[in-house]
Amino acid sequence: MSANKISARRLTATALMVGAAGALGLGAASSAGAAAAPAKVTVKVAQKGNYTATVCVGDILEARCTEGIRKGQTKTFTVAPPKGSAVSVRVVVDGGGSAEKSVVSNKTQLKFETAGSKAKPSVKQA
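Sequential numbering of the sequence shown, starting at 1, is according to the working numbering.
It should be emphasised that the hints constitute simulated quantities derived from the structure, not laboratory data. Using N, Cα and C, we set each Cβ at its ideal position, and we do this for glycine too. There's no promise every hint is true.
[Unchecked claim] 30 Å max Cα-Cα, derived DSSO-like pairs, lysine-lysine:
1. Lys124 x Lys83
2. Lys83 x Lys101
3. Lys124 x Lys111
4. Lys111 x Lys44
5. Lys101 x Lys75
6. Lys48 x Lys71
7. Lys40 x Lys111
8. Lys101 x Lys111
9. Lys124 x Lys44
10. Lys101 x Lys71
11. Lys111 x Lys48
12. Lys75 x Lys44
13. Lys118 x Lys75
14. Lys71 x Lys44
15. Lys48 x Lys101
16. Lys75 x Lys48
17. Lys71 x Lys40
18. Lys83 x Lys40
19. Lys120 x Lys107
20. Lys111 x Lys71
21. Lys118 x Lys101
22. Lys71 x Lys124
23. Lys124 x Lys107
24. Lys120 x Lys44
25. Lys107 x Lys48
26. Lys40 x Lys124
27. Lys40 x Lys101
28. Lys71 x Lys107
29. Lys120 x Lys48
30. Lys44 x Lys101
31. Lys124 x Lys48
32. Lys40 x Lys107
33. Lys124 x Lys75
34. Lys101 x Lys124
35. Lys107 x Lys75
[Said to hold, decoys possible] What follows is a list of derived Cβ distance ranges for each label pair:
36. Asn106 x Arg64: 17 to 23 Å
37. Lys120 x Lys40: 30 to 36 Å
38. Thr42 x Lys118: 25 to 31 Å
39. Asn50 x Gln125: 16 to 22 Å
40. Thr76 x Asn106: 18 to 24 Å
All chains should be modelled from the sequences, with the hints used to inform the complete structure.
Shown next, in the form of structure tokens:
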């Protein structure tokens, strides 16, 4: 896959994830008081699917992606979602499908696992 296709796919994945997370958390974020400072959340994603993928983790403001994650690897991300808003994890398989999971939680650490097939990946909270 060319570098341009990978970059375009990464941008698309990030835009989709931030949009979905924003749609889920928009009402909560707008009703939250200005005094509610975002708490940092450590998100660990274990890649258990038999494929190579890009994993993105984000909140309603931003997302970070890491590409080239192979089976057996675990990546750690830090996000700062406003209270009551979602943390989203998205997996985009190289040459395959994608999946996403969003969770609203007051925890400071979250764990997720990717699995499934190249054509039909999955993301679940561990």
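Now the hints, each set against the structure:
| no. | hint | verdict |
| --- | --- | --- |
| 1 | Lys124 x Lys83 | 22 Å, holds |
| 2 | Lys83 x Lys101 | 18 Å, holds |
| 3 | Lys124 x Lys111 | 9 Å, holds |
| 4 | Lys111 x Lys44 | 5 Å, holds |
| 5 | Lys101 x Lys75 | 16 Å, holds |
| 6 | Lys48 x Lys71 | 5 Å, holds |
| 7 | Lys40 x Lys111 | 14 Å, holds |
| 8 | Lys101 x Lys111 | 11 Å, holds |
| 9 | Lys124 x Lys44 | 12 Å, holds |
| 10 | Lys101 x Lys71 | 19 Å, holds |
| 11 | Lys111 x Lys48 | 13 Å, holds |
| 12 | Lys75 x Lys44 | 6 Å, holds |
| 13 | Lys118 x Lys75 | 19 Å, holds |
| 14 | Lys71 x Lys44 | 14 Å, holds |
| 15 | Lys48 x Lys101 | 15 Å, holds |
| 16 | Lys75 x Lys48 | 12 Å, holds |
| 17 | Lys71 x Lys40 | 27 Å, holds |
| 18 | Lys83 x Lys40 | 10 Å, holds |
| 19 | Lys120 x Lys107 | 29 Å, holds |
| 20 | Lys111 x Lys71 | 16 Å, holds |
| 21 | Lys118 x Lys101 | 17 Å, holds |
| 22 | Lys71 x Lys124 | 15 Å, holds |
| 23 | Lys124 x Lys107 | 16 Å, holds |
| 24 | Lys120 x Lys44 | 21 Å, holds |
| 25 | Lys107 x Lys48 | 23 Å, holds |
| 26 | Lys40 x Lys124 | 21 Å, holds |
| 27 | Lys40 x Lys101 | 19 Å, holds |
| 28 | Lys71 x Lys107 | 26 Å, holds |
| 29 | Lys120 x Lys48 | 13 Å, holds |
| 30 | Lys44 x Lys101 | 13 Å, holds |
| 31 | Lys124 x Lys48 | 11 Å, holds |
| 32 | Lys40 x Lys107 | 9 Å, holds |
| 33 | Lys124 x Lys75 | 15 Å, holds |
| 34 | Lys101 x Lys124 | 7 Å, holds |
| 35 | Lys107 x Lys75 | 18 Å, holds |
| 36 | Asn106 x Arg64: 17 to 23 Å | 21 Å, holds |
| 37 | Lys120 x Lys40: 30 to 36 Å | 33 Å, holds |
| 38 | Thr42 x Lys118: 25 to 31 Å | 28 Å, holds |
| 39 | Asn50 x Gln125: 16 to 22 Å | 21 Å, holds |
| 40 | Thr76 x Asn106: 18 to 24 Å | 19 Å, holds |
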